Amino acid sequence: MKQSASDIVVSSPWSIRRLSARDIDERWLADFQRRQEVTLVYRGAPGDKRIAVEPFIDDWSPDERRALCRELATMADAGRVWAAMEGESLAGFAAISPEPLGPDGEYRQLKELQVDARWRGRGLGRELMRQCMAGGKAMGARRLYISSHSAVETVSFYERCGCVPARWLHGPQLELEPFDWQMERDL
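Letter 175 of the sequence shown, counting from 1, is numbered 175 in full-length UniProt numbering, and no numbers are missing.
Source of the hints: derived by calculation from the structure; they are not laboratory data. Owing to the predicted nature of the structure, the values given are computational and were not obtained by experimental measurement. Built from N, CA and C at the ideal position, the CB exists for glycine as well. Hints should not be assumed to be uniformly reliable.
[As the list claims (entries may be wrong)] The calculated label-pair distances, taken between Cβ atoms and stated as ranges, are:
| hint | residue 1 | residue 2 | range |
| --- | --- | --- | --- |
| 1 | G171 | K49 | 19 to 29 Å |
| 2 | G47 | R22 | 39 to 49 Å |
| 3 | V53 | R22 | 39 to 49 Å |
| 4 | P62 | D186 | 35 to 45 Å |
Using the sequences and the hints given, assemble the complete structure.
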């Protein structure tokens, strides 16, 4: 895949680049620290947003890591997948699905935005979100659809990035992740 200037972002101490399917094998996420210790989550509907205490640890099993790698590789060429690298280490990644969504096809779904636990709180998530916004716009979208983890800190991150409760809801995503917080971001 030919890289364009919008596919490569350099931001010390990491670099972000767009990936192709051949860049992602089943071991790509083997060392990625996904672990998130959750205490507070949002429950209810957007107009009735309540905080609930539901402590748990969210992480991927080895099988889930391999399955996600296969999904990302499938999505990489028609959609967008970016990797944020710190030297040779994967610090974060993001992915946008290629399929238009919504009544007029105005949405693209932000399928993943993950920052390794060792890199959280340093601005990398915001940088990946900016890349996703530019990528979604380049794909012809007017909005990104986000099915956010319901953890208070995750929803707060998306709100700081300008995301709001989704005006349109993607039924299959709601069935897949009924506790996720459905959001969108105008591009």
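Structure-inconsistent hints, enumerated in ascending order: Every hint satisfied by this model.
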